[in-house]
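S.K.: Residues per chain, in single letters:
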Amino acid sequence: MKYIDEYRDGRLAKEIARQIAALADPARAYYFMEFCGGHTHAISRYGLEDLLPANVRMIHGPGCPVCVLPIGRIDAAIALAMRPKITLCTYGDLMRVPGSNGSSLLKAKAAGADIRMVYSTLDALRIAEAELEREVVFFAIGFETTTPPTALALKAAIAKGLGNFSIFCNHVLTPAAIQNILESPDVRKLGTIKIDGFVGPAHVSTVIGTEPYEFFAGKFQKPVVVAGFEPLDVIQAILMLVRQVNDGRHEVENQYIRAVTALGNEKAQAEVANFFELRESFEWRGLGEVPYGALRLRPQYVAYDAEKRFSMVTPAAKDNPACECGAILRGVKKPADCKLFGTVCTSDTPIGSCMVSAEGACAAHWTYGRFRKKARQVDVGRAVA
Amino acid sequence: MNMMIKAYRRKLDVANGRVDLSHGAGGRAMGQLIEGIFYKAFDNDWLRAGNDQSAFSVPGGRMVMTTDGYVVSPLFFPGGNIGTLSVHGTINDIAMAGAVPLYLSASFIIEEGFPFADLERIAQSMGAASREAGMPIITGDTKVVERGKADGVFISTAGVGLVPDGLDLRSDAARPGDAVIISGSIGDHGVAVMSKRENLEFDTDIVSDSAALHGLVADMVAAGGAHIRLMRDPTRGGIAATLNEIASQSRVGFRIDEDKIPLKPQVAAACEFLGLDPLNVANEGKLVAVVAPESADAVLAAMRAHPLGSEAALVGHVVADDNCFVQMTTSCGGRIVDWLSGEQLPRIC
Chain U
1 MKYIDEYRDG RLAKEIARQI AALADPARAY YFMEFCGGHT HAISRYGLED LLPANVRMIH
61 GPGCPVCVLP IGRIDAAIAL AMRPKITLCT YGDLMRVPGS NGSSLLKAKA AGADIRMVYS
121 TLDALRIAEA ELEREVVFFA IGFETTTPPT ALALKAAIAK GLGNFSIFCN HVLTPAAIQN
181 ILESPDVRKL GTIKIDGFVG PAHVSTVIGT EPYEFFAGKF QKPVVVAGFE PLDVIQAILM
241 LVRQVNDGRH EVENQYIRAV TALGNEKAQA EVANFFELRE SFEWRGLGEV PYGALRLRPQ
301 YVAYDAEKRF SMVTPAAKDN PACECGAILR GVKKPADCKL FGTVCTSDTP IGSCMVSAEG
361 ACAAHWTYGR FRKKARQVDV GRAVA
Chain H
1 MNMMIKAYRR KLDVANGRVD LSHGAGGRAM GQLIEGIFYK AFDNDWLRAG NDQSAFSVPG
61 GRMVMTTDGY VVSPLFFPGG NIGTLSVHGT INDIAMAGAV PLYLSASFII EEGFPFADLE
121 RIAQSMGAAS REAGMPIITG DTKVVERGKA DGVFISTAGV GLVPDGLDLR SDAARPGDAV
181 IISGSIGDHG VAVMSKRENL EFDTDIVSDS AALHGLVADM VAAGGAHIRL MRDPTRGGIA
241 ATLNEIASQS RVGFRIDEDK IPLKPQVAAA CEFLGLDPLN VANEGKLVAV VAPESADAVL
301 AAMRAHPLGS EAALVGHVVA DDNCFVQMTT SCGGRIVDWL SGEQLPRIC
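Just so you know, the sequences run in chain order U and H. Each residue of the first sequence is one higher than the last, beginning at 1 in this note's numbering. Each residue of the second sequence is one higher than the last, beginning at 1 in this note's numbering.
If you're looking for bench data, these hints aren't it; they were derived computationally from the structure. We treat Cβ as the ideally placed atom computed from N, Cα and C, and that holds for glycine. One should not assume that every hint holds.
[Said to hold, decoys possible] Computed Cβ-Cβ distance ranges for the label pairs, DEER-style:
id: 1; chain 1: H; residue 1: VAL207; chain 2: U; residue 2: LYS160; range: 35 to 41 angstroms
id: 2; chain 1: U; residue 1: TYR3; chain 2: H; residue 2: VAL207; range: 43 to 49 angstroms
id: 3; chain 1: U; residue 1: GLY112; chain 2: H; residue 2: PRO115; range: 54 to 60 angstroms
id: 4; chain 1: U; residue 1: GLU129; chain 2: H; residue 2: PRO307; range: 44 to 50 angstroms
id: 5; chain 1: U; residue 1: ARG28; chain 2: H; residue 2: PRO262; range: 53 to 59 angstroms
id: 6; chain 1: U; residue 1: GLU6; chain 2: H; residue 2: PRO293; range: 57 to 63 angstroms
id: 7; chain 1: H; residue 1: LYS196; chain 2: U; residue 2: LYS107; range: 45 to 51 angstroms
id: 8; chain 1: H; residue 1: PHE273; chain 2: U; residue 2: LEU263; range: 39 to 45 angstroms
id: 9; chain 1: H; residue 1: ASP68; chain 2: U; residue 2: LYS107; range: 26 to 32 angstroms
[As the list claims (entries may be wrong)] Below, computed lysine-lysine pairings styled on DSBU-like, alpha-carbon distance capped at 30 angstroms:
id: 10; chain 1: U; residue 1: LYS107; chain 2: H; residue 2: LYS264
id: 11; chain 1: U; residue 1: LYS14; chain 2: H; residue 2: LYS264
id: 12; chain 1: U; residue 1: LYS160; chain 2: U; residue 2: LYS194
id: 13; chain 1: U; residue 1: LYS2; chain 2: H; residue 2: LYS149
id: 14; chain 1: H; residue 1: LYS149; chain 2: U; residue 2: LYS107
Could you put the whole structure together from the sequences, leaning on the hints where they help?
M.R.: Pasting the structure below:
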């Protein structure tokens, strides 16, 4: 595959890894958080951690839209889907996410709810057009990459005068979440997680650009490298981060120059701004309430806002008390630290959200990395100190 | 004067007609459907004898028997249809024992309203596939269910075959050091079917690899004999599921090399944009063989000399591993190859 195979060249990856090993100061450890689940998946799938020196460690961040969706939102969606005349359209990832009491959209579907897996917002729109007697609700989740398609679907629905189409909006924002992690007691006061820099997701930055990271790179003095999702992209980003740390720099650098610009896709941003506004606060699974970390529909589109249209309530719901998804999403714990991991929680029987999505830290570790290197579980930071 | 009045029977309107409930009711209409479509397509003396069962003589030795249900959607896809699949699939299950396929049965559950023309097309391709493999369909059954109770047509086939003397392939026979051979490129069938799925349609020149593998197997057996430990056709769940199955049944691990696994660029590209792993994607005309190291080269050469094995490749080895993991060397490092959980779904971002 042209333009893909070039970025999976193992020899080049090993060469970059050699440069990282040569540059990394043996007297210290480097902790970098890859924010996005797509990077977590790439690191596990290509076995990139095998290439890194022992004192350069990756911490898996909360950037998996399925993983950060609180149980209450799943419960609310299930309750809505069980109502007569409702057709709930959702991306496949959400089907198996556990709600309260072992429920899931997949089980609700088996129990008679009209839940349909779609591949794009336009599929949901087509269903609404074809079945005017149904109330078609699109379960919108995702970061900045999936928001513009939702905006366009809304625009099309309005243009077509579709009165039976609405959106259950759960779109969340990347920079707000990173800022939240940096401001958390774990990072600031307790120092239980050390983060020396971030790998930022390139697909998010194709929309928002690199500019939104400038503020906190400066404020928190942490370097950010926006990187693509192929193995060479990720390992090059790690090299760039090691260089910044060694130089004492904390800049926003762009590894993915083949598509990302400083300002991003302004047309897409404008479409999003037309239809969405910031929520003052929104619960993220694992992070808790994140101020200005999510979007909702603007008040003038209330007719298309499923939460308002169907008076949806988001019940307070608790995770399994033994589930460590929260700590794992904040980077405080690793999947193998959780008592449930690999015992009752496996990718066939997920308890926590990190095990459901292929991009979740637990699922990636379970699928690709489990037991590969027992030595990897040793706390390298402590070993170095 | 004795006047015989022949009962008037309207011909089956194959071009425009549809199956209705009377075609499964056991009356004349059913007889007409069976005769007009199935006898015509399968055409052999066993069926024409019209018994509720078919008798055949068996030679001495070990026999194998298998059965499989087919519910593929869509029914027609590039490179085949549910009919070819139902014949090839059962032949392959027989062939994986190293056996020579002998006889097939076919049972149809048809949804009310299903076009005769589609049914005929499916039956014709089953007839052709079974004749080509020398494995006649000698008995069958037809049921019709109300609209909405099935999805067009479901087919269930069963088959029997004869195992050559001295051959005993078992799923627990893989031993550390054995070679792992794949007969050709992976994921073709799954991608061909997905390319025609509703809401997912995309243009590709990939066609299903649906094929009967007994000829290839016969050549392998001739070359490797009892040194072939076991064979599997990696259908649903792809080679990832097959290797994990063998690993847990034989209590061993695998170490395979990603670069050596044959994969068509078009399949790789489709998997890339759908967010799928080709190792999990279904095949219908490929096999995985575990072969004792001393015969690996001979078996591989025999496979490459056969049209269905021309791209065969040795992709790795069996290793001792109490965890029964399938490990794969990637271009950058290594990883575990796991079973697929749930349905394979495109990722969202």
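S.K.: All hints are to be evaluated individually against the structure, with a verdict given for each.
M.R.: Taking the hints in turn, this is what the structure says about them:
1. Distance hint check for VAL207 (chain H) and LYS160 (chain U): the Cβ-Cβ separation is about 37 angstroms, which falls inside the suggested range of 35 to 41 angstroms.
2. Between TYR3 (chain U) and VAL207 (chain H) the CB atoms are about 25 angstroms apart, so this pair departs from the stated range of 43 to 49 angstroms.
3. Checking the proposed 54 to 60 angstroms range against GLY112 (chain U) and PRO115 (chain H) shows it is violated: the Cβ atoms sit about 30 angstroms from each other.
4. Between GLU129 (chain U) and PRO307 (chain H) the CB atoms are about 48 angstroms apart, so this pair conforms to the stated range of 44 to 50 angstroms.
5. Between ARG28 (chain U) and PRO262 (chain H) the CB atoms are about 45 angstroms apart, so this pair departs from the stated range of 53 to 59 angstroms.
6. Judged by the Cβ atoms, the range 57 to 63 angstroms given for GLU6 (chain U) and PRO293 (chain H) is violated: they are separated by roughly 36 angstroms.
7. For the pair LYS196 (chain H) and LYS107 (chain U), the supplied restraint of 45 to 51 angstroms is violated, since their beta-carbon distance comes to about 29 angstroms.
8. In this structure, PHE273 (chain H) and LEU263 (chain U) break the distance hint of 39 to 45 angstroms, their C-beta atoms being roughly 27 angstroms apart.
9. Taken as a hint, the range 26 to 32 angstroms holds for the pair ASP68 (chain H) and LYS107 (chain U), whose Cβ atoms sit roughly 28 angstroms apart.
10. Using a Cα cut-off of 30 angstroms, the hinted pair LYS107 (chain U) and LYS264 (chain H) is violated, with the two alpha carbons roughly 37 angstroms apart.
11. Taking the CA atoms of LYS14 (chain U) and LYS264 (chain H), the gap is near 26 angstroms; set against the 30 angstroms cutoff, the hint holds.
12. For a cut-off of 30 angstroms, the pair hint linking LYS160 (chain U) to LYS194 (chain U) is broken: about 51 angstroms separates their Cα positions.
13. For the hint pairing LYS2 (chain U) with LYS149 (chain H), the CA-to-CA distance comes to about 46 angstroms; that exceeds 30 angstroms, so the pair is violated.
14. For the given pair, LYS149 (chain H) sits about 21 angstroms from LYS107 (chain U) by alpha-carbon distance, which is consistent with the 30 angstroms threshold.
Of the numbered hints listed earlier, those contradicted by the structure are 2, 3, 5, 6, 7, 8, 10, 12 and 13.
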